[in-house]
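*Asks:* Here is how the chains run, residue by residue.
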Amino acid sequence: MDTILKVENLSVLFRTYAGEVQAVRNISFEIEEGNVTAIVGESGCGKSVTSKSIMGLINKPGIVSKESKIFFQDENILEYTEKQWENYRGQGCSMVFQDALTALNPTMNIGKQITEKILVHKKVPKKEAWQEGIRMLELVGIPNAAMRMKQYPHEFSGGMRQRVMIAIALTLNPKLLIADEPTTALDVTIQADILEMMKDIQKTHGMTIILITHDLGIVANFAQNIIVMYAGKVVEKGSSEDIFYRPAHPYTEALLRAVPRLDVSEETLETIEGAPPNMAKPPIGCPFAARCKKKLPVCEQKFPEKAELTKGHEVCCWLQKGDR
Amino acid sequence: MKDFIIKRLAQTLLVLVFVSMFAFSIIYFSPGDPLYLYTSPAVSSYKMTEEQLNDMREALGLNGNVAQRYVNWAGKMLKGDWGLSISNHQPVKTQILDRLPNTIGLMGAALLLSILISIPLGLLAGYYKNRWIDNIISGISYLGISLPAFWFGIMLIIVFSLHLSWFPSAGMRTIGVNSAMDVIRHGVLPVIVLSVNNTAVFVRYIRSNTIEQKEEEYVMTAISKGVPKMRVLRGHVLKNCLLPIITMVGMNFGTLITGSFIVESVFGWPGLGTLCLDAINSRDYTMIMGITMLACMVLLIGNFLADLLYGFADPRIKQGREK
Amino acid sequence: MDKKAMKKLFFSNKMTVVCTILLIVIILASLLAPLSPYDPDAVNVAEKLEEVSKTHILGTDELGRDTFTRALYGGRVSLMVGFAAMCVAVVIGTLIGTISGFKGGKVDMVCMRIVDVFLSVPSLLFIIVVYSFMPRNMVTLVFMLASFSWTRVARVVRAQTLTLKERDFVLAANALGVRQKTIIWRHIIPNLMPQIIVAASLSIANAILDESALSFLGYGVQLPMASWGSMLQSAQQYILHNPILAVVPGTMILITVLCFNVLGDMLQQILDPKLVK
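Each protein sequence line maps, in turn, to chains A, B and C.
Under this note's numbering, the very last position in the first sequence is 324; numbers go up by exactly one each time.
Under this note's numbering, the very last position in the second sequence is 323; numbers go up by exactly one each time.
Under this note's numbering, the very last position in the third sequence is 277; numbers go up by exactly one each time.
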């Protein structure tokens, strides 16, 4: 399978009053075309910052370090001109934000917000763009699409609003879709509907999706690949089977124990004790060491090298060094 | 939207009732007997009978208790009978209506000027937050808020009328000249003075609004759609920044009215303000009351219109959901 | 934010420090006005309308009174009226604001409608009209000014009370059965202090500005007492030959009001970390 996106040595830091916060620290990964890849981690682990870097949405006080490279179809997008960025955003890659209520302009009707994207990128008559907008709303399962085009965000329910958000992102058929916690703000039942709809569209269109979430539960039968992030680092990545059935990092194991499961009824849910480290002064060693139950003396002194367990299953943990 | 209009209308009427009670109390508590002119032997030698006096009181609405008199008076006001001026015995209404256009013109020009200047300045300052251009604009707006308008007027007269002789220092027309240009020349300084305070308030408001809107997530959505940044500013941010100004203009109507009174007195502009100050000096209570009522009505209508306009411009309110 | 951090932010901002120093100088100067060799009210026709000189550093007015000395004494009146009006406004505004926010429901409705009425009338016009009936003295003036500026304090205080009401320590006190009056005095009002200080600073600025406008129109401080505003009123006739008579009091008003406005605004930014960023 082809690689559509390749992130190399990405680091992002934020200059604040409290000092430099290293939100993302030198991470690398690849996204395969036509697959769903989930980036999983607690809030503040850098997953959202990573997705914003891919969209080129890091603004002051955030800075993407000079060594960072992000290749989209073999072009380093971090060297793009403003014009190229505009072209890439929308046609190459597009994004679904967590809270559709704030992510949609409250004083502009839905139709205009969709057609705006079409009209910016393509020279088509407004009428045609409007028809395309209706088609997109129908695609994401919004009934009465022609009428709803003229309505404003506050007239939609939470779930419908998120569908609108997805419709806007899917317009112009971008090659890569980033969904940043697309269902977190919604009720559980609506969450399931939306995920089902996204799955359908992904399958029929063969879309590449990066799903950003803190909830391993929604990842299970959606993503083919999973990247686990902690404190600005990628600590483990692999196929869905690798992560769910053969987790190698204690943090991944802890995350899995925190997901409610139907198949194991007697087990009680566990929480991960402690809090992630302060990113203004990240520890030298493994950042999870302080909360890890299997900690070794070396863990606090040096960050573990990447170890490839099986093809595509990589982990950064001292426990996996040598003895496997 | 309908509910919104009804609610605002009710509120406006309520305030109007309060104001009218206040205005009525001016007459009610005013010292002296309104029939003095007819009863005092010093004024008239004809001695009226008690019956005639009673008829006269009836005619002037002076009989009955406070409530009856208020209702009586309010009815007359509503019918357009605002009484006679105590000092010159001319109808109050015609005198006020004569002067009203002058004040409205002054206010309108100042408001227009404020809006025209404050929108670009406010947007600039907000967009370039904490850069040098923002520091300059914010500094000037602080000055504008703290400037005593009448003093600023005097300073402008000293510089531009007395020393440079660019503009006349007082009045609205040169005697014997009857051209629009002449009125405009007389109006330049008063309009500038009247607009300073409002401009400063608007600039600060638009600035903080712009800063807020720029950080909103919908801006990020628009950018991630591939919309060029300038177009995002024009198409999304601008409208949401400028919407609340409508409310702001409505809220500042009061300052504009009192400001125009002060400016008129500095520049001898023949408007409601000078009429009102003259009336107060000569204790012309009917006149004071008439002007007070009118000023409040202008203010309330301005507020109401601003709210209405905002309601139409913001879809969230238009569809009956208040923020 | 804790008090230490606030203090640090306050003193790290050049603007706030400059304004504080300027205000201290102005207040001290007006307090120390009696040290001036001239009597502010002594008429000396021989020295009337003098230019700037060594003996009269800012010249004299139409009655030969020293302008500098009069400006210092005028500052006493202006600052005093402004301060007193602010105090009255803050007391009324805080009381109504906390009660309105704390009680909620109908009480809140009625209070806010009253605030609306006050906000939607042209204040200065009303003050002038009422003032023409009332005995013209400082007490009336202060109360008239305060009667139209308490509304702003009330709004701020109400909004803050609404958020404080939901805070744990207030909820806890409520659950323990502490009387409402005690909760308001012990828990709500002390925590409103920062917001009240900001409102007070802006309110002084407004009161001084309004007082000067009233005095300028002849409805404020009454002769022989002089404030900066009434000095301007009498200076108006001499602007052609002796403009400094008008420049001095106006500049004093401008600087004082500016300092209070800037201070109030900066304090607000320090209190609201969202704006600092």
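One or more hints might be untrue.
A few chain B residues that don't get close to chain C, going by computed Cβ distances all over 10 Å [stated by the list, open to error]: (1) I6; (2) N88; (3) P101; (4) I115; (5) Y127; (6) F150; (7) F152; (8) L164; (9) E216; (10) R231; (11) K239; (12) M248; (13) T286.
Derived pair list, reagent style EDC-like, types lysine to aspartate or glutamate, alpha-carbon separation capped at 20 Å [stated by the list, open to error]: (14) C:K165 with C:D108; (15) A:K112 with B:E216; (16) A:K199 with A:E32; (17) A:K60 with B:E215; (18) A:K112 with A:E155; (19) A:K60 with B:D81; (20) B:K214 with B:D98; (21) B:K214 with A:E82; (22) B:K7 with C:E166; (23) B:K214 with A:D99.
Hints were generated in silico from the structure; no laboratory data involved.
Where is the CB? At the ideal position from N, CA and C, for every residue including glycine.
*Asks:* Does the claim that K239 of chain B lies off the interface hold, with its Cβ farther than 10 Å from every Cβ of chain C?
*Replies:* 23 Å, holds
*Asks:* Far enough from chain C: is every CB of that chain over 10 Å from the CB of F152 of chain B?
*Replies:* 8 Å, violated
*Asks:* Beyond 10 Å on every Cβ pair: is that true for L164 of chain B relative to chain C?
*Replies:* Per Cβ check, L164 of chain B is outside 10 Å of chain C; nearest 13 Å; holds.
*Asks:* Given the proposed pairing of K60 of chain A with D81 of chain B, does the C-alpha separation stay at or below 20 Å?
*Replies:* Violated. K60 of chain A to D81 of chain B sits at ~65 Å, over the 20 Å cutoff.
*Asks:* K112 of chain A and E216 of chain B: Cα distance at most 20 Å?
*Replies:* 18 Å, holds
*Asks:* A cut-off of 10 Å on Cβ-Cβ distance, and M248 of chain B was said to be off the interface with chain C. Does that hold?
*Replies:* The claim stands: M248 of chain B keeps its Cβ more than 10 Å from every Cβ of chain C (closest is about 13 Å).
*Asks:* Quickly compare the C-alpha distance for K60 of chain A and E215 of chain B to 20 Å and report which way the hint goes.
*Replies:* 11 Å, holds
*Asks:* Any Cβ of chain C at or closer than 10 Å to Y127 of chain B, or is the non-interface label fine?
*Replies:* 15 Å, holds
*Asks:* Holds or violated: is the Cβ of R231 of chain B farther than 10 Å from all Cβ atoms of chain C?
*Replies:* 26 Å, holds
*Asks:* Are the Cα positions of K165 of chain C and D108 of chain C separated by 20 Å at most?
*Replies:* 14 Å, holds
*Asks:* Is K214 of chain B close enough to E82 of chain A, meaning Cα to Cα at most 20 Å?
*Replies:* Holds - the C-alpha atoms of E82 of chain A and K214 of chain B are around 19 Å apart, at most 20 Å.
*Asks:* When you look at the beta carbon of I115 of chain B, is every beta carbon of chain C farther off than 10 Å?
*Replies:* Nearest chain C Cβ is 20 Å from I115 of chain B, so the label holds.
In terms of the numbered hints stated before, the structure departs from hints 6, 7, 19, 20 and 22, listed from lowest to highest.
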